[in-house]
Amino acid sequence: MAAVLGGLLLLTASGGLYARASAQGVGVPQFTNSVYQRFAGAVSAKLSAWGWNYGAKPNLASSAMACTLTQTVTVTGCYYATTSKATVSVEVGWTGASSGDTITVSLDGGAQTRTIKPESLYNPGTGTNVAGPIRTPQVVAFDIAADGGGHMVDVAMTGSMTCSAAQFSFNAPANCDPNLCTTGELGGTVFIDYDADGGKDSGELYGVAGVTATAFDKNGATYTATSNSEGRYEFSAANSNAIAAADYPVRLEFTTLPASSFTTTTPQGADNGSSVQFISAATCGNDVGVMDQAAYAQDNPLVMLPCFVNGDPAPNVTATDSGDADALVGFPYNSSGGPTPALISHMATARQVGSLWGLAYNKYTKRLFSAATLRRHVGLGPQGLGGIYVTNLTNPASPSTGNFISVVTNLGIDVGQASVASNSARGLTSVKTSPNYDTAVFSLVGKVGIGDIDISEDGNTLWFVNLFDKKLYSVDITAYNAD
Numbered sequence: 000m001a002a003v004l005g006g007l008l009l010l011t012a013s014g015g016l017y018a019r020a021s022a023q024g025v026g027v028p029q030f031t032n033s034v035y036q037r038f039a040g041a042v043s044a045k046l047s048a049w050g051w052n053y054g055a056k057p058n059l060a061s062s063a064m065a066c067t068l069t070q071t072v073t074v075t076g077c078y079y080a081t082t083s084k085a086t087v088s089v090e091v092g093w094t095g096a097s098s099g100d101t102i103t104v105s106l107d108g109g110a111q112t113r114t115i116k117p118e119s120l121y122n123p124g125t126g127t128n129v130a131g132p133i134r135t136p137q138v139v140a141f142d143i144a145a146d147g148g149g150h151m152v153d154v155a156m157t158g159s160m161t162c163s164a165a166q167f168s169f170n171a172p173a174n175c176d177p178n179l180c181t182t183g184e185l186g187g188t189v190f191i192d193y194d195a196d197g198g199k200d201s202g203e204l205y206g207v208a209g210v211t212a213t214a215f216d217k218n219g220a221t222y223t224a225t226s227n228s229e230g231r232y233e234f235s236a237a238n239s240n241a242i243a244a245a246d247y248p249v250r251l252e253f254t255t256l257p258a259s260s261f262t263t264t265t266p267q268g269a270d271n272g273s274s275v276q277f278i279s280a281a282t283c284g285n286d287v288g289v290m291d292q293a294a295y296a297q298d299n300p301l302v303m304l305p306c307f308v309n310g311d312p313a314p315n316v317t318a319t320d321s322g323d324a325d326a327l328v329g330f331p332y333n334s335s336g337g338p339t340p341a342l343i344s345h346m347a348t349a350r351q352v353g354s355l356w357g358l359a360y361n362k363y364t365k366r367l368f369s370a371a372t373l374r375r376h377v378g379l380g381p382q383g384l385g386g387i388y389v390t391n392l393t394n395p396a397s398p399s400t401g402n403f404i405s406v407v408t409n410l411g412i413d414v415g416q417a418s419v420a421s422n423s424a425r426g427l428t429s430v431k432t433s434p435n436y437d438t439a440v441f442s443l444v445g446k447v448g449i450g451d452i453d454i455s456e457d458g459n460t461l462w463f464v465n466l467f468d469k470k471l472y473s474v475d476i477t478a479y480n481a482d
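Be aware that the sequence shown starts at 0, since it is given in numbering that gives the first Met the number 0, and climbs by one per residue.
Keep in mind that a hint or two might mislead.
[Unchecked claim] Below 30 Å or equal to it, Euclidean Cα-Cα: the simulated DSS-like pairs (lysine-lysine) are:
id, residue 1, residue 2
1, Lys431, Lys446
2, Lys116, Lys446
3, Lys362, Lys470
4, Lys116, Lys470
5, Lys84, Lys470
6, Lys469, Lys446
7, Lys362, Lys84
8, Lys470, Lys446
9, Lys365, Lys470
10, Lys199, Lys84
[Said to hold, decoys possible] Label pairs and their calculated CB-CB ranges:
id, residue 1, residue 2, range
11, Asp200, Val275, 35 to 45 Å
12, Ala424, Ala296, 36 to 46 Å
13, Ser273, Pro381, 48 to 58 Å
14, Pro300, Ser421, 33 to 43 Å
15, Tyr363, Ala140, 28 to 38 Å
16, Gly401, Thr254, 36 to 46 Å
17, Asp200, Gly76, 40 to 50 Å
No lab work stands behind these hints: they were computed from the structure. For each residue, glycine too, the CB sits at the ideal point set by N, CA and C.
Please model the complete structure; the sequences and the hints are all you need to start from.
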């Protein structure tokens, strides 16, 4: 074949000419092995004259494989949601992707697919494209039947670069369908009766697991069953606790209600037979409703929310600095109309906490936890991107706020802090009315730092989401609560 390089005609018996790039942006000439060996000496002087960096013999295999892909597959256990299911999570990592490339994650040869597009993003602040709004790694998920069957996951990149990850094979978990109560059996559901009316309303879908149902037949024999994750219980041959029809009527008692959240059954009603029921024959609708303390609050509770203040809260120059403005406030739930200063509780200034998002309240210790977040035009607080703060609300009229932990410094967790510049480097000033571009964080918002936070029902675990690695973390605060 023939190829022309800047006026020099190269004739080859076989092989081809590949893409080129030079210091001037033209490209490096890359040849097949035979072409390189045959003409390297003949053209070297000419290529040098053009300023081409032809250097060492190219590695043809690596130049055709400039991207990499990895996958980490996690499969949940079986859960029952109308049918037995499991969730497959695939964490995909990559290098070498360009704008326009597509990463396709396929389950079972394309029966289900998910797509990741690691493209560039237009930044209106600078009028240019910025790289990486879709950052590596990313997590996609599939729902599958929990039937013990075999599955496989494939990941491939197409576009300007082509590569794939090694195929991953796995088996789904075994079926976990509950033994549903049928004709001739005794059973029912322990459910959360949110409105405490004794009826199982359409929105009251949550069952209570671990409740013991004990049946006493007319002869004094006892039988036990335990409610599952959906609150269902059943006396049946399949569960080895069947009650013969001749042994009815029975007295049915419900015990071992979870002490941490449930203290009593709700009033007897259409779907709540109370914690003691008398059953004349086998039926499947012997339900009981219970209360959930975590679902209730006092009358007119305090509503707490963050405020976003323009600028850098750190400098302390004047009394009207960004740092002196409210960053965390509260007001009574029953408030209405325009802002009423007398009703607003001032919990923290921007200088104390910076930009916040996630909030979690521990009702046992009266502590409000708040987590830093990255928000354009709004500066971070003293603990930076990984900061979690705490407000003492023992006396809501006089709250106090301080540092709790930095998940970066104290826990060694990477939340993407290296990609976020300081407040001043972002162009933020202490004057809260001063405009700024803050273009540096435009493509990072929602992708680095901490997402939401929450407190466990017993108040001893603080949960937070890491937006950077897409994972959920827990912090044991039992010792902190005891102080």
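Exercise for review: Kindly indicate which numbered hints from before are broken by the structure, ordering the numbers from low to high.
Suggested key: Going through the list in order, the structure violates hints 7, 11, 17 and respects the others.
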